[in-house]
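Read off the chains here:
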Amino acid sequence: DGGITQSPKYLFRKEGQNVTLSCEQNLNHDAMYWYRQDPGQGLRLIYYSQIVNDFQKGDIAEGYSVSREKKESFPLTVTSAQKNPTAFYLCASRGQGSYEQYFGPGTRLTVT
Amino acid sequence: AQSVTQLDSQVPVFEEAPVELRCNYSSSVSVYLFWYVQYPNQGLQLLLKYLSGSTLVKGINGFEAEFNKSQTSFHLRKPSVHISDTAEYFCAVTRRDGGSQGNLIFGKGTKLSVKP
Numbered sequence: 001d002g003g004i005t006q007s008p009k010y011l012f013r014k015e016g017q018n019v020t021l022s023c024e025q026n027l028n029h030d031a032m033y034w035y036r037q038d039p040g041q042g043l044r045l046i047y048y049s050q051i052v053n054d055f056q057k058g059d060i061a062e063g064y065s066v067s068r069e070k071k072e073s074f075p076l077t078v079t080s081a082q083k084n085p086t087a088f089y090l091c092a093s094r095g096q097g098s099y100e101q102y103f104g105p106g107t108r109l110t111v112t
Numbered sequence: 001a002q003s004v005t006q007l008d009s010q011v012p013v014f015e016e017a018p019v020e021l022r023c024n025y026s027s028s029v030s031v032y033l034f035w036y037v038q039y040p041n042q043g044l045q046l047l048l049k050y051l052s053g054s055t056l057v058k059g060i061n062g063f064e065a066e067f068n069k070s071q072t073s074f075h076l077r078k079p080s081v082h083i084s085d086t087a088e089y090f091c092a093v094t095r096r097d098g099g100s101q102g103n104l105i106f107g108k109g110t111k112l113s114v115k116p
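Residue numbers (our numbering), protein chains in the order written: chain U, 1 to 112; chain P, 1 to 116.
You may find that some hints are simply not true.
Which residues of chain P face chain U? A few of them, derived with a C-beta cut under 10 Å, are [as the list claims (entries may be wrong)]:
| id | residue |
| --- | --- |
| 1 | Gln2 |
| 2 | Gln6 |
| 3 | Ser9 |
| 4 | Tyr36 |
| 5 | Leu44 |
| 6 | Gln45 |
| 7 | Leu46 |
| 8 | Asn61 |
| 9 | Lys69 |
| 10 | Thr72 |
| 11 | Gly102 |
| 12 | Asn103 |
List of simulated lysine to any residue pairs, SDA-like, C-alpha gap at most 25 Å [claimed, not checked]:
| id | chain 1 | residue 1 | chain 2 | residue 2 |
| --- | --- | --- | --- | --- |
| 13 | P | Lys108 | U | Glu69 |
| 14 | P | Lys108 | U | Phe88 |
| 15 | P | Lys49 | U | Arg44 |
These are computed hints drawn from the structure, not numbers from a lab. Model, not experiment: these values are computed from the prediction. Note that beta-carbon positions come from the ideal geometry of N, C-alpha and C, so glycine has one too.
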């Protein structure tokens with residue numbers, strides 16, 4: 001089955017620790033995206049990548065970092081600099097020539 | 001820049017009643033339009049999209065939407081809802097000219113609550 005996987009589903013961390021969220025796709029999509037979702041705020045773009053070894057900041061990149069070393073993988077690191085990291089994080093991908101994005105199941109991060 | 005406004009944050013409705021979820025957008029260039037659905041603690045699933053052609057678009061689960069260019073709207077409708085339609089619905093746009101690099105602009109979502 002083709003799709004996007006995000007792991008883990010739930011993640012708990014102590015304040016001050018960096019944490020990496022995994023996103024893998026086997027759809028052969030070139031573009032990948034990370035969004036943050038908070039209640040009542042919709043989806044906000046953190047980072048996106050159009051091709052391997054290249055990525056751009058979205059609207060709320062501060063306190064986050066990414067890498068795109070492989071086409072299939074786009075991990076997101078939430079650093080200790082992110083002031084309010086508790087949220088639901090969604091990864092998405094888009095195929096070349098296509099306009100819709102396909103989403104993974106999400107990771108709910110709780111930092112205490 | 002583009003923006004999307006979903007006019008209702010919550011819509012309660014009884015089972016088997018019709019529903020309309022409203023979406024208006026603002027853009028200086030032509031756009032493609034999408035509706036996504038999100039069930040609790042899950043990712044987003046594409047319901048339908050408007051790229052070109054007929055302004056009435058049919059999607060999955062019996063939903064349809066109508067693109068109205070003059071009113072810059074893309075309202076989502078279903079003639080008879082089921083309990084299983086309870087979810088959050090997101091309207092989104094992207095530029096037709098590729099100027100946004102395929103990035104989607106989302107509305108803040110509408111929570112549909114279907115009551116028995």
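Taking the hints in turn, this is what the structure says about them:
no.: 1; hint: Gln2; result: 13 Å, violated
no.: 2; hint: Gln6; result: 8 Å, holds
no.: 3; hint: Ser9; result: 7 Å, holds
no.: 4; hint: Tyr36; result: 8 Å, holds
no.: 5; hint: Leu44; result: 4 Å, holds
no.: 6; hint: Gln45; result: 7 Å, holds
no.: 7; hint: Leu46; result: 5 Å, holds
no.: 8; hint: Asn61; result: 16 Å, violated
no.: 9; hint: Lys69; result: 17 Å, violated
no.: 10; hint: Thr72; result: 18 Å, violated
no.: 11; hint: Gly102; result: 6 Å, holds
no.: 12; hint: Asn103; result: 6 Å, holds
no.: 13; hint: P:Lys108 x U:Glu69; result: 32 Å, violated
no.: 14; hint: P:Lys108 x U:Phe88; result: 15 Å, holds
no.: 15; hint: P:Lys49 x U:Arg44; result: 20 Å, holds
In this structure, the hints that do not hold are numbers 1, 8, 9, 10 and 13, in rising order.
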